[in-house]
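Chemist: Using the sequences and the hints, build the whole thing.
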Amino acid sequence: MSHGTTHEHDVIIIGGGGAGLRASIAIAQENPSFSVACVSKVYPMRSHTVTAEGGAAASIKPNDTLEDHIYDTISGADWLADQDAVEYFVHQAPPEMVQLEHWGCPWSREPDGSVAVRPFGGMKIERTWFAADKTGFHMLHSLFQTTLKYGNIVRYDEHFATRLLIDDDGRCRGCAAIELHTGRVKAILGKSVIICTGGAGRVFPFTTNGAIKTGDGMSMAYRAGVALKDMEFIQYHPTGLPGTGILITEASRGEGGILVNKDGYRYLQDYDLGQPLDVSDPRHPLKRAMELGPRDKLSQCFIKERWAGRTIETRDGHVVHLDLRHLGEAKIDKRIPFVRELARSYAGIDPVHQPIPVRPVVHYVMGGIDVDSNSATTIPGLYAAGECACVSINGANRLGSNSLTELLVFGAQAGKHAARFAMDHPDYNVSALETQAEDEGARVRRAFFDAPRKGGERIVTLRTELHEAMENGAGIYRDAESLEAACATVADLQERYAKLNIDDRTHSFNTELTAALELGSLLDCAEAMAHSGLQRTESRGSHQRLDHTERNDEEFLAHSLAFHQPDGSVPRIEYKPVTITKWPPGARTYGAGSGLKRE
Amino acid sequence: MDAKDTMTLEIFRYHPETDSEPRFQPYEVPYNEDWVVLDAINWIKDHVDGSLTHRWSCRMGVCGSCGMMVNGEPKLTCAAFLKDYYPFGIKVEPLVNFAVERDLVVDMDGFMDKLQEVKPYIIRDDVNDTSEGEYRQSPAQLAQYKQYSMCINCMLCYAACPVAGHEDEFLGPAALALGHRYNKDSRDQGQAERLDVMLAGEAIWGCTFVGECTVVCPKHVDPAGAIQQAKAMAAQEFFKGFVMPKGTGA
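Taken in sequence, the protein lines are chains P and U.
First residue of the first sequence? That's 105 in this note's numbering, and the numbers climb one at a time after it.
First residue of the second sequence? That's -7 in this note's numbering, and the numbers climb one at a time after it.
Just so you know, the hints here were simulated from the structure itself, not pulled from any lab data.
These numbers come from a predicted model, not from an experiment.
Beta carbons: idealized from backbone N, C-alpha and C, even for Gly.
Hints should not be assumed to be uniformly reliable.
[Said to hold, decoys possible] If you want the ones that stay clear, here's a sample from chain U, every Cβ over 12 Å from chain P, calculated: (1) 8; (2) 20; (3) 22; (4) 61; (5) 62; (6) 70; (7) 78; (8) 114; (9) 137; (10) 194; (11) 204; (12) 231.
[Unchecked claim] The calculated lysine-lysine pairs, modelled on PhoX-like cross-linking and capped at a C-alpha distance of 25 Å, are: (13) 138(U) - 223(U); (14) 438(P) - 165(P); (15) 211(U) - 75(U); (16) 253(P) - 138(U); (17) 438(P) - 75(U); (18) 228(P) - 435(P); (19) 603(P) - 558(P); (20) 223(U) - 438(P); (21) 211(U) - 435(P); (22) 223(U) - 211(U); (23) 435(P) - 165(P); (24) 165(P) - 686(P); (25) 435(P) - 223(U); (26) 83(U) - 211(U); (27) 686(P) - 228(P); (28) 253(P) - 520(P); (29) 138(U) - 165(P); (30) 558(P) - 520(P).
Modeler: Okay, here's the thing in structure tokens:
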């Protein structure tokens, strides 16, 4: 890793997905004299936002209210969301979504030209905006194309950030990043920094997440001293394709698709999710009920059906069936054409004529970099937004279609506050930061290029063991024993990681080196997930303990905070209370009569 | 499936730091009928040769990263199944008509510049405040441009295009289709500005209407059709002698 050059801007954004691009535009538009750097390990339109399918929530229709969106989000989160943050989010959602419409996003429309909405799981009233079933793709491309309008957004495409640079006053002032094309380590400096690097689903073997979702930003913040919050909460989406883990969107159930077990029975009715309506009933699908229950509960129901021997065994493991046939070809092609394309290509079945085999799949990390509702971390000048951040509006279970909106609302919020910080704190010591970047280059070189070629293990060996440990230890149902085993394996892997052996010791486009660095990030995230899970001796939302089966508000109506220990010992876990404004914790009910009670 | 079955992938290798010219390297991979070509390449990188270099991410045909030449045809390797080639060998090369950075990775800078040139964003004289709500757009108006908005920037169409490789001024299928997408959007008023770019030099006129771009598009975009329509619009604009004031819309 040769030392590269130094590049100075006003605000540095790490990550070019939905949140990073929204933040870039927010700054570029409001501060035309500012130079904004967007540093991304891939070209922005490759970012994982691109794969989101079903839609983005914002309450705009006359039959909906902001209060309903707030309540659905808080109850969906099993009361672990901060209610002030949720209120801000829900209020900002409509203007942000309209803004994206003004920027050209091709939202699906009603005959009168207004934006169309569809229902999603855990929603009392339909409020999901959609662009057929490629919503994330259209949002990402609309945002990316809009950034091309602003000359003051400077892109660092295919630059892999590996370390945050912190000045003598403890303020975050940039990052060290490897330019993939040359292998040089650059110091990219600014007056404030926003991390928007997405989630860490690749900690697990069976995930909807793309290869790039390796928790790099979470790891960088963790190592700089920011806590990772609520990392024990991992969302399994109930409908992934077996084998590949490719997502079949919740919109397929929002449009009326049903889940059946091996007997063709709609098994969700056995798990307190309400009674099914016949698919021909005009009221089907009932909202906040059955197939439109929340993701955590639906994924848990699958496991219980499996334990009861009522799932279908295939060569890719156990599945249930997602049946869309009654929707008919015309509706499937109009509203969820990508589902048909994916099922045909990757499962070899046509959902117009056959049910789709599905099983739960790791989809989203509710936890992340600890930030407040201004998107600020505990390090001055450092902000985070999107899946890598934990505000928290998602609590113990995120509602489908809140994450895309979150990218916009908190991307813009982070941009606004980072710009303000940059204006208020303009000066920093360039040479001290350059030295840190040089040190980082030397660290990477020592760790991966100077190591002896003998004795070390391959990346795939360690990654496969990590996958097994996390799937077995920190899956949909966990207990002390399984989590302790996961913690022990992660610790063992961290030791072996120090002796990793890579074949490629060259500079230009060394993707084996980036895979090695990504594995380091995954290990950090896994450590926080397993230890936070072990300490939380209750069941809440997506965190279900077989040895502590009840929610325990007295002890755990609190966010976990995992702090990295520089000496390599296990993370310190602290707690901070959840902010409750108007919605005291209550029973989380779905099915008939669920949802916000009106006075 | 016989677990011992294998297939041979012959992969283009070139490293600018060590190679004076490219070569092909054969790799034997397990044959799995569910695998796509990308799975086989990842298996090689993980288990056999960590220096093999390629781009990929979503492995579901939407991020656009993994376009390569598979037996001479531009393909998304996450959507090209081994079973469609079995038992014969597969030759994998980087997309043609681009400079090679390393192995299967091509230089995208020129492509990115071309995307930017067509001004792929909404241009309006009067910008509504978000408090006024969304711009109305009927389903029929949406249908005018929707298919052109489906491009994933995978660049297969540039690899298929006989002009893109040797005419630098030609903006190419994806960029022109994207410009056309905004020209056809009822919310946009920037057509005249965009057509100025498209009319210059060989920007659009380079196209000889071979139509291969449309044939290879994995997302069923019709860049060839977009280019023909845009040429017609550009010609109209030309004959108006550029007297139409900017921003009067489509």
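Chemist: With reference to the structure, classify each hint as holding or not holding.
Modeler: Against the structure, the hints:
A cut-off of 12 Å between C-beta atoms contradicts the statement that residue 8(U) is not in contact with chain P; the least separation is 6 Å. In this structure residue 20(U) is separated from chain P by more than 12 Å, as the shortest Cβ-Cβ distance comes to about 17 Å. For residue 22(U), the condition that its CB be more than 12 Å from all CB atoms of chain P holds, with the nearest at approximately 14 Å. The Cβ of residue 61(U) lies farther than 12 Å from every Cβ of chain P, with a closest approach of about 18 Å, so its non-interface assignment holds.
Non-interface call for residue 62(U) relative to chain P: holds, since the shortest CB-CB distance, roughly 15 Å, exceeds 12 Å. At the 12 Å boundary, the C-beta of residue 70(U) falls inside the reach of chain P, the nearest C-beta of that chain being 9 Å off. Interface exclusion of residue 78(U) from chain P stands, the closest Cβ pair being 15 Å apart, more than 12 Å. Residue 114(U), annotated as away from the interface, has a beta carbon of chain P within 12 Å; the closest lies near 4 Å.
The beta carbon of residue 137(U) sits about 7 Å from the closest Cβ of chain P, which is not more than 12 Å, so the claim that it is off the interface is violated. Listed as outside the interface, residue 194(U) is consistent with that label: its C-beta sits roughly 22 Å from the nearest C-beta of chain P, beyond the 12 Å cut-off. Residue-level check passed: residue 204(U) sits 22 Å from the nearest beta carbon of chain P, beyond 12 Å. Non-interface call for residue 231(U) relative to chain P: holds, since the shortest CB-CB distance, roughly 29 Å, exceeds 12 Å.
Restraint check: the Cα-Cα separation between residue 138(U) and residue 223(U) comes to about 19 Å, which is no more than 25 Å; the hinted pair holds. The straight-line distance between the Cα atoms of residue 438(P) and residue 165(P) is roughly 22 Å, inside the 25 Å bound, and the hint therefore holds. Under the criterion of a C-alpha separation no larger than 25 Å, the hint pairing residue 211(U) with residue 75(U) is consistent with the structure, at around 21 Å. As the CA atoms of residue 253(P) and residue 138(U) are separated by approximately 21 Å, the hinted pair is consistent with the 25 Å bound.
The straight-line distance between the Cα atoms of residue 438(P) and residue 75(U) is roughly 30 Å, outside the 25 Å bound, and the hint therefore fails. A threshold of 25 Å between alpha carbons decides the hint, and for residue 228(P) with residue 435(P) the separation of about 23 Å falls inside it, so the pair holds. Taken as a hint, the residue 603(P) and residue 558(P) pair is honoured in the structure, with Cα atoms around 10 Å apart against an allowance of 25 Å. Simply put, residue 223(U) and residue 438(P) have alpha-carbon atoms about 30 Å apart, too far for the 25 Å limit, and the pair is violated.
Straight-line distance between C-alpha atoms of residue 211(U) and residue 435(P) comes to about 20 Å, which keeps the hinted pair within the 25 Å bound. Between residue 223(U) and residue 211(U), the direct Cα distance comes to roughly 23 Å. Compliance with the 25 Å bound is thereby established for this hinted pair. A threshold of 25 Å between alpha carbons decides the hint, and for residue 435(P) with residue 165(P) the separation of about 22 Å falls inside it, so the pair holds. At most 25 Å may separate the alpha-carbon atoms for a hinted pair to count; residue 165(P) and residue 686(P) meet this at roughly 23 Å.
With a C-alpha separation of about 35 Å, the suggested pairing of residue 435(P) with residue 223(U) is violated against the 25 Å cut-off. As the CA atoms of residue 83(U) and residue 211(U) are separated by approximately 23 Å, the hinted pair is consistent with the 25 Å bound. Distance check on the hinted pair: residue 686(P) and residue 228(P) sit about 18 Å apart at the alpha-carbon level, within 25 Å; holds. For the hint linking residue 253(P) to residue 520(P), the alpha-carbon distance of about 19 Å falls within 25 Å, and the restraint holds.
At roughly 24 Å between alpha-carbon atoms, residue 138(U) and residue 165(P) fall within 25 Å of each other, so this suggested pair holds. Under the criterion of a C-alpha separation no larger than 25 Å, the hint pairing residue 558(P) with residue 520(P) is inconsistent with the structure, at around 50 Å.
When each numbered hint is compared with the structure, violations occur for hints 1, 6, 8, 9, 17, 20, 25, 30.
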